[in-house]
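**Q** The residues making up each chain are set out below.
Number of protein chains: 2
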Amino acid sequence: MNFADRLIAATEEFGPLCVGLDPHAGRIPDLFGGDTPEGVEAWGLAMIEAAKGRTGVIKPQSAFYERHGWQGMRALARILEAARDAGLVVLMDAKRGDIGSTAEGYAAAFLAENAPFPSDALTVNPYMGVDTLEPHVKAAEANGKGVIVLARTSNPGSADFQSKSLEGAPLYERIVEALAPMIERLKGESGWSGLMLVTGATGPQEARRLRELAPDALFLVPGYGAQGAGAADAMSGFVLRGNRLSGGVVSASRSVSFPPEAQSASSMDEWRTAIAGAINAAQADLMVAANR
Amino acid sequence: MNFADRLIAATEEFGPLCVGLDPHAGRIPDLFGGDTPEGVEAWGLAMIEAAKGRTGVIKPQSAFYERHGWQGMRALARILEAARDAGLVVLMDAKRGDIGSTAEGYAAAFLAENAPFPSDALTVNPYMGVDTLEPHVKAAEANGKGVIVLARTSNPGSADFQSKSLEGAPLYERIVEALAPMIERLKGESGWSGLMLVTGATGPQEARRLRELAPDALFLVPGYGAQGAGAADAMSGFVLRGNRLSGGVVSASRSVSFPPEAQSASSMDEWRTAIAGAINAAQADLMVAANR
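From first to last, the protein sequence lines are chains A and B.
At the far end of the first sequence sits residue 1284, using my numbering, and the numbering has no gaps.
At the far end of the second sequence sits residue 1284, using my numbering, and the numbering has no gaps.
In case anyone wonders, no lab produced these hints; they're calculated from the structure.
A pair counts as met if it fits within one copy or between any two copies, since identical chains are not told apart.
Straight line, CA to CA, 25 Å or less: simulated SDA-like cross-link-like pairs of lysine to any residue:
(1) Lys1156 x Ala1170
(2) Lys1156 x Val1122
(3) Lys1130 x Asp997
(4) Lys1130 x Gly1149
(5) Lys1156 x Gly1092
(6) Lys1156 x Glu1204
(7) Lys1179 x Gly1079
Sequences are here, hints too, so could you generate the full structure?
**A** Structure, rendered in structure tokens:
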């Protein structure tokens, strides 16, 4: 099935939450062995189990596995395989970007049919130009995958260049304008496109503007929860379909994977209960804001 | 020693060539076992041996190791360790870029004192803003490393956004202007800064302009050789020091690591001779253009 159709079906079944799997230094509970490649792997596999049936979408952040070297990348590969087997849609957050033949290497790593890091979509950086995105879009077309382009990110520094005027409109708008043909190419039967845009929850006005420019692109919205934005702001770029806001996923990481009750859990049962509770609470918070 | 001082000393000893280690699909000779993680590792270790004494600087491209999964990343780690032991300066070409806490993860992977992928400098993408570069600069200050920021790349798509006017000047110039304090922070005794800029050999005018804007930043110049630019164009942003052009490194990959004579070699001795010849020829070509 087309990636966009799979993603939107997952949000219709479970809600718009995307659970971030970001094993920050010092946060893996001792229950799993702490901050080692083995600890990260055990934690990630347990997170997949806890997420299954409560969310349809997860987003691992590559940096936190790379800092553990190849053993960390082995943990990532095994977590991705478990996510695939659990039927979760995996948005791989690696923010890659390079010229053609090199971009093909990244596409082979994450988006190919038998990719060693099996993912449903990959975040990519558009700075180097539209030609550098083409190998990813080609792989996505061939294999029913998605490509997630950084547009307006959630950090304060997004004001440095992204929001400045490039020949009359903000740089991030110019980028989205240039993506129109690729958005069209990755459209599914739902009408949504698997050429997704990153639009930070901390910029609700910008998200609404991007929705005007790209009515069919699914959004990946970071910045909800620990980074400070509420559910309504996070869904500013969503649109009504039936009686529910739709059009992307809202990602949360620390608040659902390292809630205080999980960090202080003294048994795996306690930890599982804490994670399930945090995911259910975030999903419910988003659903209240989404339902009309 | 400061990274910039080490890099410039290496170019003074051997010349401005930086040897790219980019194991493209289908290019690893059968002598090494072909396109497998083991083949990539054996080839990379042999390239380090062949490069030693002929160049001071190498640049592995992460994508080509990632496409082989964690086993490819293990090969990369071992090649990096061999390069360090051989005294080569390693510019890790991974073009990472993410918000603060995530950027710290990438810095831990590549620039920390005991990084699992030991590198002397890391290429980073500035699109997300100056705050996203800070963790890399901080790690570089602490550990005598460098940070290489994409400015004007060598691909045709660099015209899409990089060269367009952002509030009155090309985007890549605006980025370089914003980097001034970081360039200052990573300056060595040589006067050169380890906050390096990527300036494609295919844009000699742009390189000269960037040299005006950032007189102390070392340049990493891709696009020489297989991508089409000649030695003189590649060093457009360099400046005379004594009777030689100086100010960065010029990278070549396919032309020095997969020359036809090496691809058709029937023994390791033949392969070594071919690689040594290709590296020496590129170094000589650049030196002719550099010497005044």
